[in-house]
Amino acid sequence: MTKKEVVKLKINGKDREALAEPRLLLVHFIREALGLTGTHVGCDTSNCGACTVIVNGKPVKSCTMFAVQADGAEVMTVEGLIKDGALHPLQEGFKEEHGLQCGFCTPGMLMSTYALLQKNAAPKEEEIRWGISGNLCRCTGYQNIVKAVQYASKKMAQGGK
Amino acid sequence: MIPPAFEYLRPKTIPEAVAMLQQHGDDAKILSGGQSLIPMMKLRLARPSHLIDINRISGLSYIKEDGGFLTIGGLTREAEVEASAVVRQKYPIVLDTATVIADPQVRNLATVGGNLAHGDPANDHPATMIALAAQIVATGAKGERVIPIDNFFKSLFETDLKHDEILTEIRIPVPPPKSGGAYFKLERKVGDFATAAVAVQLTLDGGGAVQKVGIGMTNVGPTPLRAKKAEGALQGKKPDPAAIEQAAKLAAEESQPSSDLRGPVEYKRGLIKELTKRAIAKALERAGK
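Chains A and B supply the protein sequences, listed in that same order. Its first residue numbered 1, the first sequence is counted upward by one per residue in my numbering. Its first residue numbered 162, the second sequence is counted upward by one per residue in my numbering.
The hints are simulated quantities; they were obtained by calculation from the structure and are not laboratory data. Certain hints may be false.
Claimed, not checked - Covered, in the sense of this in silico footprint (three residues per stretch, anywhere, with C-beta under 8 Å from a C-beta of chain B), are these stretches of chain A:
no.: 1; stretch: 59-65
no.: 2; stretch: 82-88
no.: 3; stretch: 93-102
no.: 4; stretch: 120-133
Heads up, the beta-carbon is just placed ideally off N, CA and C, and yes, glycines get one too.
For reference, chain B alone in the conformation it holds in the complex (with noise of 0.2 Å):
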């Protein structure tokens, strides 16, 4: 399948890979990893006059912990999340998540900013990044913003970001003693997206109770979810038998899930139940209880 022509551009800088996306308009596209645009781009479900490779763009491939956030530059491999020293011995949610995007070849090539830009509810950082409350830094001709992450999701494929932002950073707080979160995905095969999967992150308090608790659900409706009814059945509580059913019965309730071919709508309210009380546990132990 071949690919509608387009023109390609090259930018150096930031400023400059901005000033091409108000020049050539709305069809100009960012092109970053390229792993969901390109198969787009050949079903011709994009079709984007220009596009604008970063790929050449120095110092937008990073992480490292700063002023009290993990900070993932906008054009990070998802392989270079997996080798990462930081993220594995402080975030295993998030090596969770990176280690089942796709297959080992597409993730040398897709990005973290990427994977949360292109918008797509199967996506698997979103929810992730729901449950670490992360922020989005996008960069446009005025410079940088700040973007909750609960504002950054609008609608199917369309997120907070302006036609001349960039996407640049991620910042996740870092979690304080006795956090702990996991991502669990269903997933038909490696390479399929989510049947569904669900992000925990909490943190506890002395008394053992959870003090903090963020979860984000894939592809179980329009958009990436936080499943805030799930949130309310842990937060301030002791995180019991009880109270993790309650949670999980209340997410797959929370859920939105289509029918499709991936399976019914009962099935995957089912497994969002499920994979919540499963990444409840993970969160648990990981956080030391």
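For reference, chain A alone in the conformation it holds in the complex (with noise of 0.2 Å):
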């Protein structure tokens, strides 16, 4: 084993910091080191966007990066979603309009589609379906996540966060 590493970041706004051996992925040091559950490992092979977190605003497959690489980086992950107790309009739009059943890919696709919201406040149907073209989902047929993802971009334009 390789000498491990401090990693120092700032995850859904706060400080954090633990050891890493080089060769940890960024998911397994999200998972095991911070205890953050919520992103979850899929294929772990860069297919399928279940790890999909957001590392200095991007979404990344954290299945594909090591810790080592987010040393000083600004991570967000599905628990930085919620606000006060209160679901992000994309959580509410995830909920409202079905848009999971085994619910393994949402976090990914939760992270994929904030990103997307960031970037473009009102995507067209296109524009969603290729926003969530590195996450799989086995369940919905995508119909109803992309429904969410309308519902939290109507949401976020009347006000809500």
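Build the complex from these two chains, which are given one at a time in their own frames, with help from the hints.
Next up, the structure:
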């Protein structure tokens, strides 16, 4: 085993640090070292997007990045969406529009669509579909996920966060 | 899947990174976007002893026109290429290529330099850079060396880069007026490698004949390929349907696909023919024909 390095980052607005062997993937660091288990390990091969988190404003696959690479970064995970006990409009949209069945892909879907709405507050359906093209869902057929994002987009335009 | 253990190094400058490559020998690798290298490490297809992370080196991410070239810094992310105003306005073939690489999350990390330096014939930028007659800038202990793209890809996962060189810039000659290009890729689903893909860049003369043409092909050989005979079928000729048909037929003959889970050889040759036709048609449209 190689020497562990200190990894310091800001996650969901909080400063955290922990030791990580260089080969430790960011997703395992988040789940095991930081105890934030909302981020899922899906395919573990960069295909499914379940492990998507936002690093310095950009959604990335945390199974395909080492924790040491995120040293000094600002990271957001699904746990960062809820504010003062209130669901984020995207979370509300997934609930209201039935945007999930088993829920395994949902944390990654929420991170990709959160980043999409930050960049493009009123995406067209096609833009939503391209926006989630790196996230696989085996339950919904994507239809209701698209509706959930449209719900959130409308709600946020009306002043929701 | 946990990758094999390695020593992690984080240089602040290119000379420091080059010195690390020299010090740690053949098993040291550069970590750029990591979107090919990390999956290969998980599968034990790569077992570097040292990873030299160049992501903290400043000044390696840029896209700008400079001295007759579009220059792209080695660490420029695919997402930055997609967002680049100059690429969107003047280099639609490069935009075509960047937008069909992997998926949005991967493109936020993956770099153009890595896509080329990896030497994977299934990667997308190589064919486009062949069509555009790009140059690769490699930086080593003795400074910079410019490698024409036709000398860059040596064999499967092998490029002309020496062990202690880092790909620091890509230079694309600014196309003259009446130029156009396009990249057409068929993939089974978003995120897959190309079943086959074709890049075409051409320039027309005052009379509407093809003055210059480059055609590159993805994932139909041990390296990215230039379709030389197909280029010859268009060079100096009016790009009429017969010339396009002939070029497409020759490109299919020149391709060297293997039968695999993406399809048999005949299918892939058929694809190359069709994709070549479509890419030429789009390139002509963009050249303002």
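Results of checking the hints against the structure:
1. Counting residues of the stretch 59-65 of chain A whose C-beta lies closer than 8 Å to any C-beta of chain B gives 5; at least three are required, and the coverage claim holds.
2. With 0 residues carrying a beta carbon less than 8 Å from a beta carbon of chain B, the stretch 82-88 of chain A misses the three-residue requirement, and the given coverage is violated.
3. Only when three residues or more bring their CB closer than 8 Å to a CB of chain B does the claim for the stretch 93-102 of chain A stand; here the count is 0, and the claim is violated.
4. Taking a C-beta to C-beta cut-off of 8 Å, the stretch 120-133 of chain A contributes 3 residues in contact with chain B, enough for the three needed, and the coverage statement holds.
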